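Asks: Just so we're aligned: the sequence shown equals residues -24 to -1, 1 to 157 in mature numbering (1 follows the signal peptide of the UniProt record, and there is no 0).
Watch out, some of these pointers could steer you wrong.
[Unchecked claim] Below 25 Å or equal to it, Euclidean Cα-Cα: the simulated DMTMM-like pairs (lysine to aspartate or glutamate) are:
no., residue 1, residue 2
1, 155, 94
2, 137, 125
3, 84, 117
4, 137, 117
5, 155, 70
6, 155, 109
7, 155, 102
8, 28, 7
9, 28, 126
10, 13, 37
[As the list claims (entries may be wrong)] DEER-style ranges, computed between Cβ atoms:
no., residue 1, residue 2, range
11, 29, 130, 34 to 40 Å
12, 130, 8, 24 to 30 Å
13, 134, 35, 17 to 23 Å
14, 124, 30, 37 to 43 Å
15, 34, 123, 33 to 39 Å
16, 69, 124, 21 to 27 Å
17, 7, 29, 18 to 24 Å
18, 157, 120, 36 to 42 Å
19, 155, 80, 31 to 37 Å
20, 29, 56, 21 to 27 Å
Please keep in mind that the hints were generated in silico from the structure rather than gathered at the bench.
Keep in mind it's a predicted model, so treat the numbers as computed, not measured.
Don't be surprised by glycine CBs; every beta carbon is placed ideally from N, CA and C.
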Amino acid sequence: IGTNFKMIRFSFFAVIFLVSVTCSYTIKVVDVDAICKQTNNVSFCTNLLNSKPGGVGQDLDSLAQYTLDVARSNTTNTIILIQRLIAQTGRDVEAQIPYKKCLSFFEKIIHSIDYFRDMLKIREYEEMFRAADRITYYIYDCLNGSGPDEPPYHGSPMVPKNANVLNQVVVIISVIIHKLE
């Protein structure tokens, strides 16, 4: 009886181990096509995710982190661009208005991305979705005005271009977070 019990116990643990390894492997597989099909710009998404140094790999967490890094880099570059554009306007206060308005929104976006990153570490998915929504609203408010009396953005076309790229990255991040949930 003792030998049979040990053999059954060993078999049980071996099966549990194999099931655990198999489940953890299937959970981590990253399917770029499946992610990108859920976005509004499949080719942009595919190019972005496949540009991850070292390849996409099998880790959604690191892919989410990489995508957040791209969003933060884009936002930082947009802030630098806006600061340059403000400097180029000289003392023309009227010309500075759209840039200063967007600058304040992009500074808020940096904080939202950092918050998003913190929430990713502790897997607070609902908070990550809220941060993504805030970023989207900030982009919208920069380009369209944050109130009925504010005119839409009317400055360099580079700011809307960068904002559009950031918006697409946020969509990709949101899809990845849905897959992590």
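Asks: Indicate, hint by hint, whether the structure satisfies it.
Replies: Comparing the hints with the structure gives:
1. Proximity of residue 155 to residue 94 is assessed by CA-CA distance (about 18 Å); at most 25 Å being required, the pair is judged to hold.
2. As the CA atoms of residue 137 and residue 125 are separated by approximately 24 Å, the hinted pair is consistent with the 25 Å bound.
3. For the hint linking residue 84 to residue 117, the alpha-carbon distance of about 12 Å falls within 25 Å, and the restraint holds.
4. A threshold of 25 Å between alpha carbons decides the hint, and for residue 137 with residue 117 the separation of about 15 Å falls inside it, so the pair holds.
5. With a C-alpha separation of about 45 Å, the suggested pair residue 155 and residue 70 falls outside the 25 Å cut-off, and the hint is violated.
6. As the CA atoms of residue 155 and residue 109 are separated by approximately 17 Å, the hinted pair is consistent with the 25 Å bound.
7. As the CA atoms of residue 155 and residue 102 are separated by approximately 13 Å, the hinted pair is consistent with the 25 Å bound.
8. Annotation: proposed proximity of residue 28 to residue 7 holds, straight-line Cα distance about 14 Å (limit 25 Å).
9. Among the hinted pairs, residue 28 with residue 126 is inconsistent with the structure: their alpha-carbon atoms are about 39 Å apart, more than 25 Å.
10. Pair hint residue 13 plus residue 37 holds up; C-alpha atoms about 19 Å apart against a cutoff of 25 Å.
11. As the Cβ distance of residue 29 to residue 130 is approximately 38 Å, the hint placing it in 34 to 40 Å holds.
12. Under the hint 24 to 30 Å, the C-beta atoms of residue 130 and residue 8, about 37 Å apart, miss the expected range.
13. For the pair residue 134 and residue 35, the supplied restraint of 17 to 23 Å is violated, since their beta-carbon distance comes to about 34 Å.
14. Distance hint for residue 124 and residue 30: a CB-CB separation of about 48 Å, inconsistent with the stated range 37 to 43 Å.
15. Restraint check, residue 34 to residue 123: a C-beta distance of roughly 46 Å breaks the suggested window 33 to 39 Å.
16. Judged by the Cβ atoms, the range 21 to 27 Å given for residue 69 and residue 124 holds: they are separated by roughly 22 Å.
17. Here the CB-CB span from residue 7 to residue 29 is close to 19 Å, well matched to the stated 18 to 24 Å.
18. In this structure, residue 157 and residue 120 break the distance hint of 36 to 42 Å, their C-beta atoms being roughly 30 Å apart.
19. Distance hint check: the CB atoms of residue 155 and residue 80 are about 33 Å apart, consistent with the given range 31 to 37 Å.
20. Taking the beta carbon of each, residue 29 and residue 56 are about 23 Å apart, inside 21 to 27 Å as hinted.
In summary, the structure is inconsistent with hints 5, 9, 12, 13, 14, 15, 18 from the numbered list given earlier, while agreeing with the others.
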